[in-house]
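Enquirer: So the sequence lines, in the order shown, correspond to chains R and S. If you read the first sequence in this note's numbering, its first letter stands for residue -8, the second for the next number, and so on. If you read the second sequence in this note's numbering, its first letter stands for residue 1207, the second for the next number, and so on.
Bear in mind the hints are in silico, worked out from the structure with no lab data behind them. Each residue gets a CB set at the ideal place from its N, CA and C atoms; glycine is no exception. The reader is advised that the hints may include incorrect statements.
[Claimed, not checked] Among chain R residues calculated to face chain S with C-beta under 7 Å, some are:
#1 163
#2 164
#3 165
#4 170
[Said to hold, decoys possible] Subject to a maximum C-alpha distance of 30 Å in a straight line, what follows is the list of computed DSSO-like cross-link-like pairs (lysine-lysine):
#5 S/1277 to S/1233
#6 S/1277 to R/189
#7 R/208 to R/191
#8 R/191 to S/1281
#9 S/1233 to S/1281
#10 R/7 to S/1277
#11 R/195 to S/1281
#12 R/190 to S/1277
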Amino acid sequence: MKNISLIKEYTKGVWKNNPIFVQVLGMCPTLAVTVSAINGIAMALATTFVLLFSSILISLIRKIIPAQVRIASYILIIATFVTIVDLVMKAQFPELSKALGPYIPLIVVNCVILGRQEAFSSKNGVLRSALDALGMGTGFLIALFILGSIREILGARTLLGFQIMPNMFEPWLIMILPAGAFLTLGLLMAYLNSFAIKKKQNEKASLISNYKLTKSKISNREEI
Amino acid sequence: MSETISIISPKLEIARSPHVHSKWSTKQAMWLVIIALIPTIISSLLFFGISQFSIIATSVSFAMLTEAIIKNVRKQPISIDDGSVIITGILLALILPPNFSLVSTAIGAVVAVGIGKEVFGGLGFNIFNPALVGRAFLQAAFPVSITTWTEPSFTDAVSSATPLSLMKFDNKFESINNLFVGNVGGSLGETSAIAILIGAIFLLATGVINYRVPLAMILSAFIFGGIFWLIDPSHFTNPLFHLLAGGFLFGAIFMATDWVTSPLYSKGMWIYGIAISILVILIRLFGGLPEGVMYSILLLNGFVPLINKYTKPQIFGEVK
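Using the sequences and the accompanying hints, generate a full structural model.
Expert: Structure follows, in structure tokens:
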């Protein structure tokens, strides 16, 4: 195993490996439920719950799951936790559950969750798996909250139910339609990618200048 | 000695493709299109009042501003003087309803240039016609205000229906004469067939646009609309109505012939034009919307790379 500090195990999901903006996983709930910020938060919390507990469970029993049937076992474990979330939400938050509709049961097939089990918790210990799941969940929460806020502000003039745009502002209906989700996500990803590209270019430039520097030093030495 | 001369100035010119050039540069062609749009602009001001000029001015200035800002951010040379962004602005304004909110017009212009064109890399790289992207965005964002039509008048603004929605929802047909002159409800630039035809003749005479796409669209709309008319004349309108009503002519002349988003080869141009017309007639007669020129052209824009791939003419000497 690579030696990554525990804190990094958590923070990588928030920014560097953000499930939405970098890995582009779990697009179905991202695009479908982010009509408002509160929906986004609820969806992300539900997903994080499922991700955290299935990661813990799978990393506990990772050595006894036969490799041939691992996907089926993962799905079974994930589905158990999704059922718990679904029933709890129906009992405690019936309105939110109605708003999210079929997307809560569909967490079972969310690729963020299966992806983390396959790529991480089936190979790592319990603590690291839990931190990784929490990090991914936080990244998911941030992404869904940003998307939901932008769409809610432009599409309904409100944020978390409070009106923040003046009445003069005509709501953009497109933002609460699927097309608005694609547009917002695309523009956000382009904006964030521009940072990543700039960083990469800077790294490359510094690498080249370092190389030139050492090369000139070596040649200077040879001349001497 | 003679060998060197023949190398320096060879009889056979060797150059990379393309070997056939248009007689106009991009910049010249764009300004010719702007000239061709002048009759339509005048007709829109005549029928809907001089105040409509504010919509055109807003649209053009915001389109230019967006282009300048994006080019500046991306550190590319600013290319406003090639006129393409001005055309986008004018075209967007001309397909908006009269007395449309200026704020929304500005949003549409920003989206048209920003998302319709610059996201793909600027002029020549866009898949979809930028002005239509802007209009489609506005249609989805403000569905009520974009379908609030004003009757052409010189005094007061009276809200009215377009000939197409009259046909669709009330089964009433506007007279062909009114449609030809443009004295009907509709978007700013699309109502007057005669103004559009003046521009079309200018563009065809100067060779800026190819006759194939407009001809294919007009012929197939006439034939396809005519088939339905022959089946049931009381329910379906005569095909001439389809040609003159709504944005069909405007789309056929100024939108579908866009150099960037239309097919490259002559066979492909026919396919493209015919497919647009069939979609337009289907949407108008059986779809949920009264008008379908915008969506038909946008849809076929998406097919253009495919059409280009399959209609590529055989290279001389090539064996399949």
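Enquirer: So, against the hints stated earlier in the document, which numbers end up violated here?
Expert: Hint check: nothing fails, all pass.
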